[in-house]
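K.L.:
Based on the hints, put chain B with the ligand in the right spot on chain A.
Take a look at the letters that make up each chain.
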Amino acid sequence: MSRKTADAVIVGGGIIGAAVGYHLAKAGFKVTLLEKKFPCAGSTGRCIGGIRAQFSHELTIKVMLLSIKLFQNFKEEVGDDIEWYAGGYLFLAFDEERKRSFLKAIEIQRQCGLDVAFVSADECARIVPGLNTEGLIGGAWCPTDGQANPFKVTFGYLKRMRDLGSKVYTETEVVGININKGRVVSVVTNRGDEFFAPVVLNAAGPWASEVGRMAGVSVPVTPDRHEALVTEAVERCLDPMLVDYRSDGCYFLQHYGTGHIIGCYTPVPLVPGYRLDSSDEFITEMPRRMIRLLPKLSSVKVLRQWAGSYEMSPDGNPICGRTSIEGYFVAAGMSGHGFMFGPAIGKLMAEMITTGKSTIDLSEFRLDRSFTKSEAMR
Amino acid sequence: MGHGNRTKRAVKKSALNSVIVCRCEEISEDEVRQAIKNGYHSPEELKRILRIGMGHCSGRGCMRVVARMIEEIAGIPIAKLQFPKSRPPVKPIKLQLLGQYRYESENS
Ligand SMILES: Cc1cc2nc3c(=O)[nH]c(=O)nc-3n(C[C@H](O)[C@H](O)[C@H](O)COP(=O)(O)OP(=O)(O)OC[C@H]3O[C@@H](n4cnc5c(N)ncnc54)[C@H](O)[C@@H]3O)c2cc1C
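Chain order of the listed sequences is A and B. Mapping the first sequence onto our numbering, position 376 (from 1) lands on 376, and the numbers just tick up by one. Mapping the second sequence onto our numbering, position 55 (from 1) lands on 55, and the numbers just tick up by one.
Straight-line alpha carbon distances no greater than 25 Å define the calculated DSS-like cross-link-like pairs of lysine-lysine that follow:
hint, chain 1, residue 1, chain 2, residue 2
1, A, LYS167, B, LYS37
2, A, LYS37, B, LYS37
3, B, LYS94, A, LYS301
4, A, LYS37, B, LYS85
5, A, LYS159, B, LYS37
6, A, LYS167, B, LYS80
7, B, LYS94, A, LYS296
8, B, LYS85, A, LYS301
9, B, LYS80, A, LYS37
10, A, LYS4, A, LYS26
11, B, LYS37, A, LYS75
12, B, LYS91, A, LYS296
13, A, LYS301, B, LYS91
14, A, LYS152, A, LYS167
15, A, LYS152, B, LYS85
Since the hints were derived computationally from the structure, they do not count as laboratory data.
Bound-form chain B, shown alone:
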């Protein structure tokens, strides 16, 4: 199955000239900056409002940039920020492959 939606999404965006911060979800620096200015001052909230860090790399590429932008724009030190949990699986895995694995519970 193809990835039709993502290309469509990128073209729809107005911020084509701005630097991309989240490559997986194609979220631009302008969008992050605007959201922080609108009062979303934590990586957790920015993730939920922008989908930043919700793509294939689960935030490995962008969260540090996001943290630096929050520090710069909202003046909150990085050490004070709460980051989203990393969720399994660590890398995207096909449904079929996951389904082949038979989980055996500890007591069976």
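The following block holds chain A by itself, in its conformation from the complex:
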């Protein structure tokens, strides 16, 4: 058993661990990041790369406005081309109730400074040529939302982190966390190593409750299985992420760099648990839903289907901040939006850890809240 030290230990090599790790390293911390498989092995490598500030909760919108700025500047700041593209997000409304809920969210979004509007069905068809407008009332449209490549963002952060003198251990699982007198002391890995650090961050995504339990902290994050598919690369035919919230709806976008079309839907009922098998239901249902919205896709071929976990918190908002254990922080439960939150959460959590305070107050996302304010644009 070897004993090592660090200024901070991060558990989890997804977007959240990588982003916090990079920002801590930039602030001069010697960080050790421990990942039980390989970077992006969890939810981050299974997500479809959508990025938007269209939410209904003010703090989420503010966090996302910061995140989008960081995605835009990624190449200058961190060094890699992450295939950021502002193709926008178009949320479709097929009934009055949905329209009302979008209008309500748009009011809050505009107060936060977001360029967003409710547009007519004809306008939707202009934004997405070939869109089937049958039954469509209109849509919530924000042209500054976009997409990026989750692998490139995560690997980009990790690479810079290493360049700044921090360490990333793959195939290394955290199996225990030692606490003394209410303070975090060290973490123990399956390889028998012990890492001593005054700061430990739980960034274990869908496994955050397990990693919480190791420190005696209850983190209410539960996984739901979400499936996705990707088609072959085709010529540019779709600019924004298209979101259809009907119970038999779906959402998809065309990857800007490569031309692949990638998408998913939220199953009814939900599929709780860690299972990540692919279902026949999804691979037949999803194509029908995609073609219904965009008939011109019917001859495009599907390359692959897979599944991943949404890491749900009880109210669908992130869990970020301190815990009852001194030095033990959590940034998890991103509830299916962790990729887009990543850059901002990385910056803000690093500020909280290094200075005790973040430039955007995240206290509404703290662990010991009541979890009653639900997000309307999940």
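P.N.:
Quick look at chain B with the ligand alone, frame taken from chain A:
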């Protein structure tokens, strides 16, 4: 719908003189070699960083070559490597064709 992007991509690449390892995504031997040298030592990571094995054949053509290159450059025996899962469908199928199939759940 045509496959415009792929031709564009190949021309953009600098490594035109190198042997192609992944024909579907047009990833050259030089690119794989460079990525392994940059510390990406598993087929899973190389897939994610290069898109190798993510194309039409889902890695059937290239993964063995990739494994041999990792063994050669990074010195990790092939038997110790973790390979990406093969995902359905086995061959690319049109959305329309998949959508025609009505899935009946076991309990209905
Ligand atoms: C199908 C699908 C589509 C999605 N689409 C989008 C989208 O368009 N936009 C968006 O923003 N989000 C999307 N998401 C959600 C997004 O993927 C997640 O919110 C995000 O990846 C969470 O990142 P994370 O770093 O918290 O968790 P993860 O990426 O899961 O990282 C956690 C890591 O911790 C590691 N780990 C766990 N336990 C331990 C341990 N004991 N020791 C060491 N390591 C450990 C895991 O191996 C894992 O790599 C989607 C998700 C799915 C499944």
